[in-house]
Every structure is written in structure tokens, then in C-alpha cells.
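Residue numbers (our numbering), protein chains in the order written: chain A, 1 to 338; chain B, 339 to 465; chain C, 466 to 974.
Since the hints were made in silico from the structure, they are not lab data. The C-beta atom is built at its ideal place from N, Cα and C for all residues, glycine as well. Be aware that a few hints might be false.
Stated by the list, open to error - Restricting the straight-line Cα-Cα distance to at most 35 Å, the calculated cross-link-like pairs of lysine-lysine (DSBU-like) are:
(1) C/K836 to A/K128
(2) C/K676 to C/K959
(3) A/K333 to C/K567
(4) C/K922 to B/K370
(5) C/K548 to C/K600
(6) C/K922 to C/K745
(7) C/K480 to A/K4
(8) C/K480 to C/K502
(9) C/K480 to C/K637
(10) C/K612 to C/K600
(11) A/K130 to C/K836
(12) A/K4 to C/K548
(13) B/K370 to C/K869
(14) C/K806 to A/K205
(15) C/K869 to A/K4
(16) A/K4 to C/K541
(17) C/K541 to C/K480
(18) C/K548 to A/K333
(19) C/K637 to C/K492
(20) C/K840 to C/K792
(21) A/K8 to C/K548
(22) C/K849 to A/K205
(23) C/K637 to A/K4
To be verified - Stretches of chain A that chain B covers, calculated by requiring three or more beta carbons in the stretch to come under 8 Å of a beta carbon on chain B:
(24) 14 to 25
(25) 157 to 167
(26) 314 to 320
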Amino acid sequence: MAEKDNLKKIGDLLLNNAMYIIIALAVVYITIMRPSFLGIPSIVNILSLTAAKLPIALGIGGCIVLTGTDISAGRVVGLTACISASLLTTVFKVFPDMSNAAPLPLVLLLVIGVGALVGFVNGFSVAKFKLHPFIVTLSTQLIVYGAILMYLMRGVNNGQTLSGLADNYRSFITGTLFSIGGVAVPKYVLYSLILTIIMWIIWNKTTFGKNMFAVGSNEEAANVSGVNVMRTIIMVFMLAGMMYGITGFLDGARIASANANTGLNYECDAIAACVIGGVSFVGGIGRISGIVVGVLLLQIIFTGLNFLAVDANMLYIIKGLIILIACAIDMRKYLVRK
Amino acid sequence: MNTIEQQKQDQKNTVPQRQLRGLYSKVNISVKSLNIIIVVLAAALILCMVVGVSNAGFTVQFDSLGGTTVESQKRQYGELLEAPSPPTREGYSFDGWYLDINTTRPWNLEKDTVTESMTLYAGWHIL
Amino acid sequence: MKMQETNASANVLLKMEGICKEFPGVKALDNVHLTVKAGTVHALMGENGAGKSTLMKCLFGVYSKDSGDVYLEGRKVEFKNSKEALENGVAMVHQELNQALKRNVMDNMWLGRFPRIASWCPLTSEKKMYEETKKLFEDLEINVDPKRVMSTMPVSQRQMVEIAKAVSYQSKIIVFDEPTSSLTEEEVEHLFRIINMLRDRGCGIIYISHKMEEILRISDEVTIMRDGQWIATRDAKTLTMNEIIKLMVGRELTNRYPEKDNVVGSPLLEVKSLTAMYSKLKDVSFVAKKGEVLGVAGLDSSGRTELLENIFGIATRKGGEIYLHGKRVMNRNARESIANKFALLTEERRATGIFAIRDIQANTTISSLRKYYYKGFPLLNNKKLTEVTEWGINAMRTKTPTQKTQIRSLSGGNQQKVILARWLLTDPEVLLLDEPTRGIDVGAKYEIYQLILNLAKEGKTVIMVSSEMPELLGVCDRILVMSGGQLAGEVDAKTATQEEIMTLAAKYA
Chain A
1 MAEKDNLKKI
11 GDLLLNNAMY
21 IIIALAVVYI
31 TIMRPSFLGI
41 PSIVNILSLT
51 AAKLPIALGI
61 GGCIVLTGTD
71 ISAGRVVGLT
81 ACISASLLTT
91 VFKVFPDMSN
101 AAPLPLVLLL
111 VIGVGALVGF
121 VNGFSVAKFK
131 LHPFIVTLST
141 QLIVYGAILM
151 YLMRGVNNGQ
161 TLSGLADNYR
171 SFITGTLFSI
181 GGVAVPKYVL
191 YSLILTIIMW
201 IIWNKTTFGK
211 NMFAVGSNEE
221 AANVSGVNVM
231 RTIIMVFMLA
241 GMMYGITGFL
251 DGARIASANA
261 NTGLNYECDA
271 IAACVIGGVS
281 FVGGIGRISG
291 IVVGVLLLQI
301 IFTGLNFLAV
311 DANMLYIIKG
321 LIILIACAID
331 MRKYLVRK
Chain B
339 MNTIEQQKQD
349 QKNTVPQRQL
359 RGLYSKVNIS
369 VKSLNIIIVV
379 LAAALILCMV
389 VGVSNAGFTV
399 QFDSLGGTTV
409 ESQKRQYGEL
419 LEAPSPPTRE
429 GYSFDGWYLD
439 INTTRPWNLE
449 KDTVTESMTL
459 YAGWHIL
Chain C
466 MKMQETNASA
476 NVLLKMEGIC
486 KEFPGVKALD
496 NVHLTVKAGT
506 VHALMGENGA
516 GKSTLMKCLF
526 GVYSKDSGDV
536 YLEGRKVEFK
546 NSKEALENGV
556 AMVHQELNQA
566 LKRNVMDNMW
576 LGRFPRIASW
586 CPLTSEKKMY
596 EETKKLFEDL
606 EINVDPKRVM
616 STMPVSQRQM
626 VEIAKAVSYQ
636 SKIIVFDEPT
646 SSLTEEEVEH
656 LFRIINMLRD
666 RGCGIIYISH
676 KMEEILRISD
686 EVTIMRDGQW
696 IATRDAKTLT
706 MNEIIKLMVG
716 RELTNRYPEK
726 DNVVGSPLLE
736 VKSLTAMYSK
746 LKDVSFVAKK
756 GEVLGVAGLD
766 SSGRTELLEN
776 IFGIATRKGG
786 EIYLHGKRVM
796 NRNARESIAN
806 KFALLTEERR
816 ATGIFAIRDI
826 QANTTISSLR
836 KYYYKGFPLL
846 NNKKLTEVTE
856 WGINAMRTKT
866 PTQKTQIRSL
876 SGGNQQKVIL
886 ARWLLTDPEV
896 LLLDEPTRGI
906 DVGAKYEIYQ
916 LILNLAKEGK
926 TVIMVSSEMP
936 ELLGVCDRIL
946 VMSGGQLAGE
956 VDAKTATQEE
966 IMTLAAKYA
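Using the sequences provided together with the hints, build the complete structure.
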């Protein structure tokens, strides 16, 4: 009897942690095959890529806590990256009349505003018309994509990739924060860290954060308890939008160019990271630390597979499977007999 | 008669009530089948990784943009490219390989290492 | 002697022995046993959280038991799910009905085992289904057309269908879980006739209920549980209501209601011709005084709940005014009402009360979060949150392992206490309580009554809706009687009788 119980417990443990086990095994294999995977350059690379993808996941995490999702994220990142790249540049193709790059803080505020606006549209439609977030954000995704394409056709740009970014913009984001063993850690790692702390405070220490979890776990009860459900939903989506805006701002300089495909499928990575990190689609459950771990794990596995020179096409299939498994495990956790 | 709906409903009647909400509110599945799904998916994931690793290598293609054809190369992560014999094109002189079609970001054959599958574009000067 | 033993065991239909079940931190069942004989009604009693439902869930395989054995007619069984149990002749009529509402009666009856036209033909035979259903209904004196769509029927009739379904499986053991909670007197009589009929056929009935009058009327044997333990199994004829309560609560309950010592003061809340936009609530006016417990009686759908919802502003008003301390308050939504010192404990605890997956702390503090900021700094102070939650747990005497326990793992009574604590933290003057004791056991009910009276003593006004008239008569000072969305009258709780209230309740119905 006890043995059977133990077996069951071990089985539970294995299944609930299947994702972590697979990733751990993969990392071990990769390290054996390519010892340089654990070298400082590679670790710094993983950390900075994690930092680059973290803000968007932090934004989407809130939407998932509300039992929703946001698939417009990637395109908003694309739009804001294009806006940043077109204004903070040395070759003004989109705005031929401009001669000097716009001031950094102004552009940052502008892209945050653009993100917040899209988020507001998402949140308002979800809260007011009770539409499913999936449908709403699917439409805004398309609308934003159209906006990107039109934006890139402006001026004399003719839809081409925006590059030739202003030096102060690039150095502000990709400049060296500090160096470990001769490898530079870029500044945006710090920005990402700051955003994470801010989001942690918002989720755990503010009325808004507590209300968000309440709405996610029981909207009706939240309404009766005096929570402004509509405002909470709108704010969650707006906050997410702002995060996408900031991501776009960082990404433009990080990639050193921006085009219509910038940000494509970012939301998939972010949603996968959130689910791996324990932000449940059941609603009302999730932690910032979980999201950070999720993004990090995902980055480790994909950097590792890249080290093994696995084909990018195969990576998409692997990514899809990871999301499915993460969902199944998430579901299992809330299904298991008590 | 909609038998699928009936069966689902039947399951609802007999399978104990679950407390799934949110995106899963319509999900109706037993832990056992879920276990099988997780195991199968995990196996598929591992299989994909194995297949991916055994076919490893990034393909680097060379687009000579109207010049003579250059053969593509397969490289592992962090390897240098083997310098291909320069393509030729009537009326133009070849000035190296570039990462983008607009020939703004040059590729240094002695220093740059391959980290992904990609296409390099030839740069041409009008003679 | 030996002969007798075998005889006795042949008579035993179901035997559960030494059942143990442990949840993290709680021993939900501790060596419980239950023996159901053929041709008897066996009542299972206990407070909420005593382990009755857990025991049944272990029987039906919803939960896997940690140890213990189940014997069905002397054969050891272990069901994996309720379908398997059903196939073996163990059926349950659930408290909450799970039916395909869009389908008709016979579809629901034969779900999952539709009779075929012929054994080789996979087409279902509507005719066979109709005839067999009809026959069964006649047998059980159920007057329902088998072709009627479920959603058009009242809950009571749907429940009858559920019972008929259990019978149609030739079940030997049928478990009734609170079957009368949504039935009228007359329907209860009908249910009892069916139960008696089943008993005479030799079925073993397990009957779970909180209503003691029913238990004493219908059952042959009573098993009482407390805190996950088996307390006693007695012959129902030898038991009295007080004895049952004593066994259930584990202490003597001399009074079912605490002593009333609240002092009614000056008028506090005045409602003038309140009319609702989307329900039939019409032209309701009344005055509630400081320190008063004002009851609201009436039949189901008489507008009791709507009255509270309209006062609290979560339903849309068409007309009417609300005055607090003589000043008009708007109460356009829950936030405004909370700011105006109103509080509403809703009827549907699961749907609109608790945040099931959140912990006690989150559930307690959600309505008053702004009070727990750091000084002059709009961030939440964990220490303050912990302190007020601790206060809530102690003041309500909530039974919970820690503050971080998910509220869904508590019993109904304890969940209700957490929600009450949530509202008390908003410092209300007017408490609107909608069925505050629904689905709560006797002991916890007493505590809730005590809490209500204490609040009144502190000078708060409590408006309490209840469908249990003895409760209203025992706790309230005055009782408003609603009928068909209108105020039918007002009675003094000290002098009124149940008949008086019933007459008023039928006035506009």
C-alpha cells in the first residue's frame, strides 16, 4: 500500500515537473556536446536575451491572470520598434522633413503611449462588451499590423527595413552596463530588471494588483466586493500594452533595425514562458518570479538548441509542443484528485 | 441526435465535478488521459529535439543577385564560413557578401561566425 | 449464533470499514464506518465539514481513500468513478443537478445507454425510450411528460427525473444528498413516498440532510459524524432532535437561537418606493432602525434577494430613494455602497462570494484594501494585512490551518465567516445578509446568529433575508414579508407565527 502510494507520488512529481526535467536533460546534453554553452559569453547572451523578452511576458502574465490572453503583443512591439527606429535615426526616410533625431525620453513616452492606447482598446472591449480577449486581441493584432505596413510606406521609405539608428539611442540601450570576463552586459538588462521590480510591486503591493487577482479568480464576487472590475481589466491590458511599447523601444536598438516582421510571434514565447512559470489559465494564479523563471528556462533551451545548430524550422515545432505540454501540466495540477 | 454532445454530457454526469475555470472551463478530461497526453507530448518533444540535433547544421545560402551561382554551405554553431569563389557578373565588380539585400551590413569571412541559418547577398559595383 | 451472523450479513447491502482520508494538513476522515441494510433508510448526519460528503466521494471514487474497505453485498469493491458505481447498483442523486438542460426528459434518462432498435442496429429507438420512461414514471407516480425539455421544468421535477434515473439503473443503494433543499412541502411528501417505495423494494437508502424533522420522519437508522470521525449509529426511533444535535455538535445546545439582547434605537435607513428596472421588485418602502435585526421573509422569487441587490446597487433601479441618517445616498454600484457603509453578503456563496483559489487573507481583505497602506504611501503593508486577517479569523472563530489556506478547502460555515469578516472590515452601518446560514450546519448557524446579534448590539442595522422562518422568528426584531415583488406586510417577530407570515407571503403571489 505504502509502496503504491510512493509510486503514485513519484509519478505525480515526474509528470508535474516533466517540463523542467526535459529542459534539465537537454541542458546536460548540450553542455556535454558543447562545453562552451556554460561559458561566460553564452551565459551573458542567455541573460540578455531573457532580459529582452521579459517585459512582454510580464505584461501578458497579467492578461493570463484575468483568464485571458493577449496575442496582439508581438505586433505592438513591431509598431513601437518601427516608431522608435524611424524617429531615432540618422536617415529620416519615414519623415523626410526631419533633420535631427527626436529626444529619447519623448520617443520613449510616445511608444509607451502607443502601447497603452492599443492596450486600452483591448481592455475596453474585453471589459465593456465581454468579448473574449482572444478575439479582441486577434483583431487589434491585424489592425496594428496594417498600421505598421502603412507606417513603413510613409515618406520615402517604401516599406523597407529601418536602420542607421542614432548613436545615442543605440548606446542608451545596448551600451555596456559592466563587463564580466571581457564580455559586455548591455544596459537593457538593467532596464528589464527595473521593470521586473516595478511589476512585482504592482502585483503584490498595490490594491490594483490584489484586485487583478480577485477579478481573475471570480469576477462576480469581485464586483460585489466593491472592486471596479471594468477599470481593473482595462488597466491590466493597458499595463501590458505599455510593456510592449517599452519592449519595442528596446528591441529597435537591440536588433539595430526594425521592419514589418519585428516582434513577430513574440506573444507565443511570452505566453509559453508564463504557463511554464506557473501563471495558470485557470485564472487568479501567478507570480512574477514564476514568469522570470519561465522566460529564463525557455531562453536556455532555445539558446542551447541553437548551439547544437538545430534548424530554426524545427524550433517552431518544439516551441509549439512546449506550449502544449505546459498547458497539459497546468491543467493536471488543478485536476488531480484531492 | 447530437451524440457527441450527449456523450460529453454523460461524462459530466458521471465524472466528478471539477473545479476548472477560466480558459479550461469547458475542458472535460480525466487525469489518466491527461497523464497519457503529457507523456506522449513529452516523447514527441524529445523526438523533435533528437531529430533536430541529428540533422544539426545551419544552412548558409548565397544569393549572388544576378551573378554566377554560389553553392550553399552547412555549418555548425560558431564556425567560420569557407570563403566561396567570388561570383562574377557582367558589367559589375564583386565587393563582398552582405547580410541584407540592401548591402548595408557586410559579412566578414575571416571573423564572423555562423549562429543561424541565413542568406548572404552579393554586393556589386557598377564598373 | 453463527447462523444469525450470516443472516445479518446477508441483510447488509453496503459496508464501509475503517475509511481514512487525509488532505494536506487535515484528517478529513478518520476510521469511519457505515453499514447500510437492505430495506432501510440510513440517515447520515453531521455538521458541514464533518466528512459526510467526503465519505460519499470516497464511495463513488471521486476521492481515492487512503485506507479502508468497501463491501457491496459482501463483495469487496473499489469504484474508480461514479459511472462504475452506477453500473454496480450504487447511485447518487446530487444536490446540484447535472443535466443536459437543452434535451428532453427521456434523453436525460437514457444518456449513455440509449436503447437500440435492435441489437445489431446502432440506431436509437425513440419509441422504446418513451415507453420505458413512461412506465417508470407511472411506477413512481411522477407526472412528467418524457418528451418535455428539461430547461422548461422546475427544479423539483428535474430532481424527480434524476431519482427516476437512479431507479432505472436497478440501483440497490441510492444516496440522496440534501434532496429537499429546492422542494416544496408537497413535493417533499412525494419524494418521501418514492423513498418509502424504494425501501419496501429492498433498496438501501443513504439520506444526507440538515433538516432534522425530515430525518426523524423518514429514516430507520442514523449515523452521526463529527470532525471526520464516526460518532454513533443509532436506531432513529430512539433518537430525539436534541440528542442528534448534541451528538453532532459534541456539546449541549440548549437553545437553537442565542438570547436576544440588542437594543433597537432610532431610525437609520429609510427606503422609499424602491422599484427595480429588470426584476419585478415594485414600490417597496420601509424603515430600519439602529441596532435592529430586520428580517425579510417570502417565498422564492418573491423579490427578497432583488430588494437587497437594489439597495446595494448591483441591480439597476428604476425608481425609489434610499436615505441613511436622513441623508439621501445613491448607491449606484457596490463601491459607492461600500463607501456609504453598506455591506452585502450574497446568497450564492460560491458564485458571488468567495474567491475559491485565493487564500483566506486575500478573501478577507479584498473589500478594504485601501486601509492597509503604509503611512502616506499607497503600497500595501503586509504586516497590516496579516493583522486584520488574524483579527477576522479570531473574531469569527473561523477554523482554518493558516491564513494562506485556499478558501475552497474550508467548509461552508467557515467560508461564510471569512466573508462576514471581509464585510466587517469595511466598517459598515447597514449589513444586508442574504441567506446567511444557507448550507451551514447547526453549530455554525448558532455562531452566525450570535455574530448577527453582536453586530446589532454594536448599533449596526442588520437586514437579513432567509427562507427559514423559525430562524427569522428567532433572531429578528421585525420581519418584512415580500410577495410577488411587493411588500406584503410587516410583523413583529416576538408575536408573529409562521402561519401569519405564510399568509402574507401568498398575498400577491
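Hints, one by one, checked against the model:
1. C/K836 to A/K128: 29 Å, holds
2. C/K676 to C/K959: 24 Å, holds
3. A/K333 to C/K567: Distance of about 32 Å is within 35 Å: holds.
4. C/K922 to B/K370: Not OK: C/K922 and B/K370 at ~55 Å, beyond 35 Å, violated.
5. C/K548 to C/K600: 24 Å, holds
6. C/K922 to C/K745: Distance ~34 Å between C/K922 and C/K745 Cα, so the pair holds.
7. C/K480 to A/K4: Distance of about 24 Å is within 35 Å: holds.
8. C/K480 to C/K502: 9 Å, holds
9. C/K480 to C/K637: 13 Å, holds
10. C/K612 to C/K600: Judged against 35 Å, a Cα distance of about 13 Å means the pair holds.
11. A/K130 to C/K836: 31 Å, holds
12. A/K4 to C/K548: The given pair, whose Cα atoms are some 24 Å apart, holds under the 35 Å limit.
13. B/K370 to C/K869: 30 Å, holds
14. C/K806 to A/K205: Holds, because 25 Å separates the two Cα atoms, which is no more than 35 Å.
15. C/K869 to A/K4: Within the cut-off at roughly 31 Å; holds.
16. A/K4 to C/K541: It holds: about 19 Å lies between the C-alpha atoms, which stays within 35 Å.
17. C/K541 to C/K480: 9 Å, holds
18. C/K548 to A/K333: 23 Å, holds
19. C/K637 to C/K492: 30 Å, holds
20. C/K840 to C/K792: With a Cα-Cα distance of about 32 Å, the restraint between C/K840 and C/K792 holds, given a limit of 35 Å.
21. A/K8 to C/K548: Roughly 23 Å between the alpha carbons, so the hint for A/K8 and C/K548 holds.
22. C/K849 to A/K205: Distance of about 12 Å is within 35 Å: holds.
23. C/K637 to A/K4: Judged against 35 Å, a Cα distance of about 32 Å means the pair holds.
24. 14 to 25: Check passed, 3 qualifying residues.
25. 157 to 167: holds (count 4)
26. 314 to 320: Holds: 4 residues of the stretch 314 to 320 of chain A have a Cβ under 8 Å from chain B.
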